Each structure stands twice: as structure tokens, then as C-alpha cells.
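Number of protein chains: 2
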Amino acid sequence: MNIVFSDLEGVLVPEIWIGVAEKTGIEDLKLTTRDIPDYNVLMKKRLEICNENNLKIGDIQKVIETIDPFEGAIEFVDWIRENAQFIILSDTFSEFAAPLMKKLKMPTIFCHTLKVDSSGKITDYVLRQDDQKRKAVMAIKGLNFKSAAFGDSYNDISMLKEADAGFFYCPPANIADEYPEFPVTSNYSDLKNYLIKALDI
Amino acid sequence: MNIVFSDLEGVLVPEIWIGVAEKTGIEDLKLTTRDIPDYNVLMKKRLEICNENNLKIGDIQKVIETIDPFEGAIEFVDWIRENAQFIILSDTFSEFAAPLMKKLKMPTIFCHTLKVDSSGKITDYVLRQDDQKRKAVMAIKGLNFKSAAFGDSYNDISMLKEADAGFFYCPPANIADEYPEFPVTSNYSDLKNYLIKALDI
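Those sequence lines, one after another, are chains A and B.
Numbered per my numbering, the first sequence finishes at 203, counting up by one with no gaps.
Numbered per my numbering, the second sequence finishes at 203, counting up by one with no gaps.
The shape of chain A in the complex, shown without the other chains (with noise of 0.2 Å):
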């Protein structure tokens, strides 16, 4: 049996904080790692601009419902899914990741989570665990699965190294030199055609 790995941001959907700064004109809220490299410093630091802004988790919700999943992403999935089971695995939270999923028909994903009190306030934030991405991959083969996966950041790299087979789908130019064991693709035809012959479909 086999199943396909998928990161979620910059290769199904847009990266979702820049587009919540993009639509609520927060500028701030596109700090990524490259500016505040420590993700814990970064994070909270997004969690203080969404209270400085009274920004509610609904509101946050409501910002990303009106961003769409990359072009053919969603028939890409579908694809996906009539060939071999499918996991997301993302480092957003699934509050953020909801309105998207639903773009994508609800496939299965596993990610970290937010706590938000009764005010929609959000708080703070739950990693599920370090590495997640890597653990997940492994636990699963673990259940005698054939797997590939793909991503486009260093936060893949674990995950597209314990699958079966890894493809980098648009990287930065940089995190693809570093890594020339994995193959690139910037289509979704391509990607899939990879996936075709890893997985002997």
C-alpha cells in the first residue's frame, strides 16, 4: 500500500502568515525565520502583533478563507488521493490550516494546534513535537507503507530523507543546491509523474 507525504505552505497554499499580512496590511506579520531565526521568539512575537491588533482567531480564520490553494493543487491532491492514502504534514496550526482544508475536500493532516480562551484571543501555541515531520514518516512506514514525500524548506528535509523517495517541489534556489540528492520540480505534472514512478502506480 502506498502513501504520499505532502508539506502544506509554498507548495499546495500560499504561506499563510504573509498572506494574513498581506490582506490585513499588517506588515510586521511577514517576519519569517530568515528575520528572527529562533521559531519560538518569531512565534510569540506573532502572537503579541495578532493581540496588539485585536486580531481574533476568527478574524485570523475569516483573512485566510479568502486565500486559494496554489492553481491545480486542489486536482493535484485528488489525484493524489485516488492513488495512494495521503498526509499533510505541516507546521501551521490546524485553526489556520481549517479554512484551507476545506478548499483541499478535508484530506488528513497532522500539525500543531492553538490555544485561544473563550474571547477567541489566542494565547498561545502547542507544537505537537519536535521533528514531527520526520516522526511521522517513520512511525507510518513502520505500518509496512510505501511512501514518498515532498516539500520545498529546510523543515522538509528530514521528512523527504525518511520516505521512501523525496522531491522538492519550488525551493528556494539555495535549499535545493544544498540537498542535490533530491530531485526539483516546479510543476505539479512533473511532481506527479515522479510520484507515478516511486510508487510504481
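Honestly, I wouldn't trust all of these hints.
Any copy will do: because identical chains look the same in the list, a pair fits if it lies in one copy or spans two.
Only pairs whose alpha carbons sit at most 27 Å apart, straight line, appear in this in silico DSS-like list of lysine-lysine [stated by the list, open to error]:
| id | residue 1 | residue 2 |
| --- | --- | --- |
| 1 | K143 | K25 |
| 2 | K25 | K163 |
| 3 | K199 | K123 |
| 4 | K47 | K117 |
| 5 | K58 | K105 |
| 6 | K46 | K194 |
| 7 | K47 | K163 |
| 8 | K163 | K32 |
Simulated from the structure, these hints should not be mistaken for laboratory data.
Since this is a predicted model, take the numbers as computed values, not measurements.
Fit chain B to the given chain A structure using the hints.
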């Protein structure tokens, strides 16, 4: 993050082999482990009967396409997927499950596979692993999910035990009596209430 594991046949959809037997009129396909206790002997017999009757994979899938999920099952699965991640753990074969998965809107399913030759004849079956339901729950619990599971039969017991909370759905009376530790439900509304409590939804 919450995850729900579910059995398939007898819980969300009718028993597939019984359905195929009824729709094709081939009475012998109604044999179950109650008639032939050794599963491997039973499966070999079923494939023999299919081949004797010249039933190819495509014919069987067409018959399975006429089987519908139980009343309310589609809406119930929709509800679970809006409130938790959801994986069906079934001892059926992915080729048989496919038409039913479409009707349930393509949830993730971990099951077994068939070997089919180029003419469509089923030549063998491949069990992904022994005790796969328990092993899947164990592996995914290790990824820090809070879990609940429901099923109706002996092959679900290890899954119900391994999950943080386990429930019977319409089990035969003798099985329910043998495992009084699992609450018995007989409609999706009651089962939903148990899931809400168990997972703090």
C-alpha cells in the same frame, strides 16, 4: 491534536463480501470466519469462487459501487473530519474499499491490497501487516495525538484497547458482553456524544 480511528464494514458501510454475494447471487460468498475460522483458508476460498464465476476486479468494483454507506454515515464522517483527524483502519482491500471511499468523500484508509493480473483476475491478496489496527493506533499515538476509536467486532478489540478511548458501534451481543469495558452505541448521535466527551471537542 485529536485523531479518531474507525472500522469500516458494519460500522460505516455494510459488509462488503455479503453485499457482493447478495448482488451477484453467489451464495458461497456469504461464508465468513464463522463458517471457515481460518482467515487465510477463507480468503483463498473466496478468490477461488470469484475465479470460478469469472468475477474480475472490475466486475466486483461495479457491484460494490451499488452498495451505499449506512444512513447518516456520510454526515457523521463529515462531522468527525471537521473536529479531528480521521483514519479508517479496515481489514478489507483498497481495491474493494475504493468505490465506498468515494461515497465517504475520500477519508484516509489503512487496509490491505489485492494482487490482480493484467486481465483483471484477482490472483492473490497481500495483508499489509498482522494486527495492523493495533499497530497503527500505537504508531500514531506516539506522535502525540489524543485518540478515540470505534468498531464492532473481534478484529477491532486491540484497536479499541490501544486508543485513549474505545467504543463499540452496533456490535454482536456476545462480543459486547465479552468486553464490557467498551461503551456500546447503536446510533451515530450517541457515538458522537461519546467522542465529544472523550476528545474534549
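Do the hints match the structure? See the list:
{"no.": "1", "hint": "K143 with K25", "verdict": "neither (39 Å within a copy, 37 Å between copies)"}
{"no.": "2", "hint": "K25 with K163", "verdict": "neither (35 Å within a copy, 47 Å between copies)"}
{"no.": "3", "hint": "K199 with K123", "verdict": "between (47 Å within a copy, 24 Å between copies)"}
{"no.": "4", "hint": "K47 with K117", "verdict": "within (15 Å within a copy, 54 Å between copies)"}
{"no.": "5", "hint": "K58 with K105", "verdict": "within (22 Å within a copy, 36 Å between copies)"}
{"no.": "6", "hint": "K46 with K194", "verdict": "neither (38 Å within a copy, 35 Å between copies)"}
{"no.": "7", "hint": "K47 with K163", "verdict": "neither (31 Å within a copy, 42 Å between copies)"}
{"no.": "8", "hint": "K163 with K32", "verdict": "neither (29 Å within a copy, 46 Å between copies)"}
In the structure shown, a violation is registered for the earlier hints numbered 1, 2, 6, 7, 8, in ascending order.
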